[in-house]
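S.K.: Listed here are the chains, written in short residue letters.
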Amino acid sequence: MKKLNIEIVDIIDTSKMYAQLSHAHSGGICVFIGTVREFTNNEEVVALEFETYQAMAIKEMQKIADEAVAKWNLNSVIIQHAVGAKKVEEPVVIVGASAAHRPECFEACRFLIDTLKERVPIWKKEMFKNKEVWVSAHP
Amino acid sequence: MKKLNIEIVDIIDTSKMYAQLSHAHSGGICVFIGTVREFTNNEEVVALEFETYQAMAIKEMQKIADEAVAKWNLNSVIIQHAVGAKKVEEPVVIVGASAAHRPECFEACRFLIDTLKERVPIWKKEMFKNKEVWVSAHP
Amino acid sequence: MNVLFFGIARDIVGTSELSISDIVKNPTVNDLKQYLISKYSNFSKLTSFAVAVNNEYAKDDVPLEQNDEIAIIPPVSGG
Amino acid sequence: MNVLFFGIARDIVGTSELSISDIVKNPTVNDLKQYLISKYSNFSKLTSFAVAVNNEYAKDDVPLEQNDEIAIIPPVSGG
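Chains as they are written, first to last, in this note's numbering: chain U, 1 to 139; chain Z, 1001 to 1139; chain L, 2001 to 2079; chain A, 3001 to 3079.
Pulled out of the complex, with its shape left as it was, chain U reads as follows (with noise of 0.2 Å):
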């Protein structure tokens, strides 16, 4: 039986990983975790504050997960985003993917986050000291 666990929360709990990810067929387990950086351009961040369309997220997410699993035959996948306000060195997204043998687990992990990136609809705000940023909303 495969697992699945798509969500958006409020706060990534990275403890719950393993029992998500781990499975009897897998031999290998690949989890990306971004975090809110310091610096950005050398501009200190205050915090970044994400949204999301939630039900429209959930579905791409979904969709996501479902070619991973058919291209890696992975075993289990997790995608979770946070939403609200992170501060320096808070998780703000967990992708992980298991399968039998490691190489199918790293590149779908790198699927799963690079496709994240691109498709589901969640906008990140850059909150510096004097100004706030949507990113990449301009040229």
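Hints are computed from structural coordinates only; laboratory data are not their basis. No experiment lies behind these values; they were computed from the predicted model shown.
What follows is a list of derived Cβ distance ranges for each label pair:
(1) A/N3055 to U/A55: 54 to 62 Å
(2) L/S2041 to Z/K1063: 57 to 65 Å
(3) Z/E1044 to A/S3019: 37 to 45 Å
(4) U/A70 to Z/A1019: 32 to 40 Å
(5) U/K63 to Z/F1039: 25 to 33 Å
In the PhoX-like style, the derived pairs of lysine-lysine whose C-alpha atoms are separated by at most 20 Å in a straight line are:
(6) L/K2045 to U/K131
(7) U/K63 to L/K2059
(8) A/K3039 to A/K3025
(9) Z/K1087 to Z/K1129
Computed list of chain U residues with no C-beta within reach of chain L, every gap over 12 Å:
(10) K16
(11) A47
(12) H101
Built from N, CA and C at the ideal position, the CB exists for glycine as well.
Chains Z, L and A: place on chain U using the hints.
M.R.: Leaving out everything else, chains Z, L and A in the frame of chain U:
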């Protein structure tokens, strides 16, 4: 300041991973966990048993971490390997890297596990119902 | 026709939901985009923006129905 | 000269530590390997095996000193 965590342990506690890898200068963390798979070549595995030459293993893991930090400018690295008997779905190894951006942490994490498997003096015995096999010992 | 706005699109129109009546009859996704650009010039300054119909990305020629859930999707930036 | 054995190497010699005295004078890593193969033919059936001197992999021409920590490293299989 770089954070390094290099250990041989009896039990891998995956819930500590985030605290060990998060870093104010990191935007991405990549983690690989090796787990016990139920079947090897269609034969049911009861357990894996790991032993190590601990002093040398720690030294080799430290070298691998240093090489990765130098090559990808990582902020944090963990390399932990378990010893003793491990049952299906239990974690046996965890490696992880955190860096400013995601390509570096993915590449570094893959390097950590690939190089650990090549160089670190740890030996795995597959325990089947009716036999025991030292992995990779014979051609 | 109700339209939802997120992220910078919400900032541009000043609200998260807008009821639009003064648009061409039987509008398509493209008609809605052109309507927004003509009413709010800041839409033309965005890298791009997409329209979602019933929680799916919709191409320019997709017709919009009265009961569809329609949303304006500025450049996404999750992760 | 004390030598440590791990994994299948320990199974082959039947102990985890062996004191070796009947080896050539001023032996190198290669001399030790040949000694083991001649005494325990199962070493020649392994994929390979390495020798560590003071916790570092050592090449065949490295001389072995009385106080070195010497270990036989059969093919590793961690992870």
